[in-house]
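Participant: So the sequence lines, in the order shown, correspond to chains R and Z.
Residue numbering for the first sequence is 1 to 529, as defined by this note's numbering.
Residue numbering for the second sequence is 1 to 316, as defined by this note's numbering.
Source of the hints: derived by calculation from the structure; they are not laboratory data.
Cβ atoms here follow ideal geometry from the backbone N, Cα and C, with glycine treated the same way.
Among these hints, one or two may not hold up.
To spell it out: a stretch of chain R is covered by chain Z in this simulated footprint if at least three of its residues, at any positions, have a beta carbon under 8 Å from a beta carbon of chain Z; those stretches are [what the hints assert, rightly or not]: (1) 50 to 62; (2) 188 to 197; (3) 204 to 212; (4) 241 to 247; (5) 287 to 293.
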Amino acid sequence: MILARILCLLLLLICAACGQDAPWNKVQAQDGKGGSQFVTGSIGEPSNLIPILASDSSSSDISGLVYNGLVRYDKNLKLEGDLAESWEVSANGLEITFHLRRGVKWHDGHDFTSRDVLYTYRVTVDPKTPTAYAEDFKQVQSAQAPDLYTFRVTYAKPFAPALASWGMPILPAHLLEGKDITKSPLSRNPVGTGPYIFKEWVPGQRLALEANPNYWEGAPRLARYVYRIIPDNSTMYMELKAGGVDMMGLSPVQYQRQTTTKEFLARFNKYRYPASAYTYLGYNLRLPMFQDVRVRRAITCAINKEEIIQGVLLGMGQIAHGPYKPGTWAYKSKVESDPGYDPARAQALLREAGYRMGGNGILEKNGKPLSFTIMTNQGNDQRLKCAQIIQMRLKTVGIDVKIRVMEWASFLTNFIDKGKFDAVLMGWTISQDPDLYDVWHSSKTGPKELNFIHYLNPELDRLIVEGRGTFDMAKRRDCYYQIQEILAKDQPYTFLYVPDALPVVTSRIKGIEPAPAGIMHNFIKWYVE
Amino acid sequence: MLVPLLLGITLITFTVIHLAPGEPVEMQTAMSPKASAASRARLREFYGLDKPLHVQYGMWLSNLSRLDFGRSFAPDNRPVLDKIKERIPITISLNVIALILEFGLALPIGIMAAVHRDTLLDRAISVFVFVGFAVPTFWLALLCMYLFGVKLGWLPISGIHSLGSDQWSFWWRSLDLARHLVLPIAIATFGSLAGLSRYMRSTMIEVLSQDYITTARAKGVRERVIIYRHALKNALLPVITLLGFSLPALIGGSVIFETIFSIPGMGQLFYQGVMARDYPLVMGILVIGACLTLIGNLLADLCYALADPRIRHGRG
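Turn these sequences into a full structure, and let the hints guide you.
Facilitator: As structure tokens, then:
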């Protein structure tokens with residue numbers, strides 16, 4: 001009983017402290033008027049702030065503000081100079097020369113020079129460095145730094161994705177050279193050249209960055225950037241409403257149903273543009289059932305992609321016909337061979353492939369029913385719903401579909417890597433460079449490689465190699481247009497949709513310019529009135 | 001006795017975690033177009049995963065004997081002990097407060113229910129504690145966050161400190177921390193009342209039916225004294241065992257809780273460790289947990305002996 005009294009007293013004390021003079025009220029009031037602190041929320045915590053050692057998106061959110069690469073994508077997704085002022089590709093396409101920006105300083109005051117670039121290249125390809133990013137740089141035959149502000153790389157054969165690979169953040173040689181990078185304090189206390197200077201990392205809670213007053217593009221206008229770790233999406237949404245975070249990505253339900261009130265729209269600005277990702281249904285092409293292109297085309301015909309977008313994304317997405325993002329230069333807007341939604345045609349195709357309706361409403365061929373399992377990973381509700389809609393649609397044409405959901409690690413190890421699956425419902429992120437080698441080339445069908453559906457097409461291989469082997473944009477586009485036709489004709493995947501990214505930002509933040517690259521491209525120009 | 005037990009525990013956990021499909025390297029490089037077979041091999045070698053399992057276990061064990069828990073297999077590659085150290089204070093403080101509240105509330109509630117057995121009060125208490133037990137905590141947490149955080153604005157929603165609180169005076173900072181902990185602790189306590197209070201109720205009922213209580217009543221001892229002096233002492237004995245069992249629970253946090261309230265505690269650390277197949281981290285936390293369990297059991301036995309003369313004198 002005494003305890004209960006103490007408890008009541010404590011609660012009273014805490015509530016009494018909610019008065020207007022409490023510091024937390026002041027913080028909020030100040031922010032409301034124009035404190036130029038920007039708070040964003042993230043589900044995950046960064047793992048390592050030396051970019052070559054991390055592959056999670058949280059780490060790259062922070063690295064992207066602290067470091068620069070030699071090149072970067074501008075708001076229209078075209079490559080532009082970052083730490084390199086300009087570059088030349090030699091006539092034979094084998095040599096790239098970067099002319100580095102002068103007068104750029106590391107956050108600790110050292111000059112940025114070609115030595116840093118050379119170091120970043122060397123440490124990335126060093127077999128002792130446990131990095132997942134060495135692959136693109138391994139194509140490099142030699143790298144030289146002829147003077148402090150010139151950097152030259154030579155390739156064995158022309159390699160178009162090479163240019164974009166130099167968007168890799170450049171590391172400070174003077175702090176890392178000759179040391180073991182895996183034990184460097186920089187992984188939790190990075191020093192870069194970027195618009196924001198790293199300030200603090202409170203594990204499990206937040207990271208804070210401060211504007212770099214000497215940034216070569218001009219100091220960012222938001223003085224402080226706070227990255228809060230909020231592992232639950234619902235909690236983050238409540239923090240947003242309570243003013244605890246300034247920006248987050250909404251789910252389709254939140255965008256469509258929970259953020260439409262006048263009050264919300266007065267306090268926040270919502271944005272919507274296609275995300276760099278697509279969801280697909282991939283068929284295991286080792287199975288005889290799926291080796292018949294008519295079956296794959298029939299399944300695509302039977303699936304109503306628009307219905308999936310309405311049901312799963314509440315309309316917040318676009319139909320995908322191929323592996324590219326709508327609006328980018330490699331994307332072909334009219335793919336003629338795409339079958340489209342046509343259940344009658346699906347039935348005709350299956351009939352042509354030799355399937356006849358069995359007694360229980362399921363198609364059969366040689367006594368075997370047309371039945372398969374769609375596998376997907378646990379924890380992604382959208383994929384599960386997608387599979388259920390597909391299951392319902394395929395049933396109407398006489399295909400029996402089962403659904404199996406599995407934990408990510410065992411899904412990969414026991415099923416994907418061993419090729420033990422019928423069909424998978426998964427997604428890919430779409431890289432800025434349209435090269436498709438890793439996912440679609442027939443040499444990439446080995447264990448743990450990404451062409452796990454075992455799609456082999458010499459014509460496609462030829463076009464992929466041709467596309468990455470030239471810097472001529474017109475030629476590359478031509479290759480990728482043909483590739484999209486082939487994929488639409490063959491349907492090794494049924495490409496389902498490209499979802500929309502749905503960020504929301506408090507309306508006190510001004511200067512946001514939505515562009516094909518999203519909204520973050522001009523973050524350093526954002527300001528508070 | 002403790003050492004072989006501990007060895008057995010580590011061996012079993014080591015086996016189990018290695019039996020789980022997927023490897024740390026795979027979790028980091030899976031489905032990444034940038035990772036080649038060579039870079040995977042490189043990562044495996046870096047973590048020592050290319051060696052046979054018994055060698056890995058031997059290495060881990062010999063490091064452990066020097067109290068070296070190794071380095072995490074997460075990309076940050078930090079010492080496991082550092083990662084645990086930065087998370088353990090908040091988890092322990094939360095759990096200790098919640099435990100004190102739990103015992104402080106559940107014991108009186110249980111006694112009350114036992115004394116007023118089968119009355120309306122008893123039933124009301126049962127309903128109350130079972131509601132707490134049955135309501136999904138994450139749902140209750142979200143409702144409370146919405147009410148107190150968004151609608152009323154009385155309490156912060158998540159985290160354990162306000163932004164910028166590092167510049168405030170000590171008292172304001174402590175108060176800020178307390179404000180952040182009100183919701184999580186209140187909800188955690190509410191959810192855990194059922195078990196202990198029901199336990200207390202049943203032991204109390206049992207004791208109250210004993211002969212010596214009847215004797216005391218016959219002597220005309222006041223009911224208050226009977227309950228709080230004569231009965232409670234004996235009814236509390238089994239509770240000591242429960243207290244001993246709660247020792248290891250002090251370092252284990254609840255994943256759901258910590259996730260909802262964005263509390264950087266042990267539950268999240270362990271969950272992320274398991275999901276990423278971060279073997280050294282998982283093993284480290286399990287070993288500490290196992291040690292605490294063993295110590296807790298030992299302490300409970302000792303306290304029991306101390307409290308109960310029957311055990312002390314070898315008569316059971």
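Participant: State for each hint whether it applies.
Facilitator: Status of the hints after comparison with the structure:
no. : hint       : result
1   : 50 to 62   : holds (count 5)
2   : 188 to 197 : violated (count 1)
3   : 204 to 212 : holds (count 3)
4   : 241 to 247 : holds (count 3)
5   : 287 to 293 : violated (count 0)
In terms of the numbered hints stated before, the structure departs from hints 2 and 5, listed from lowest to highest.
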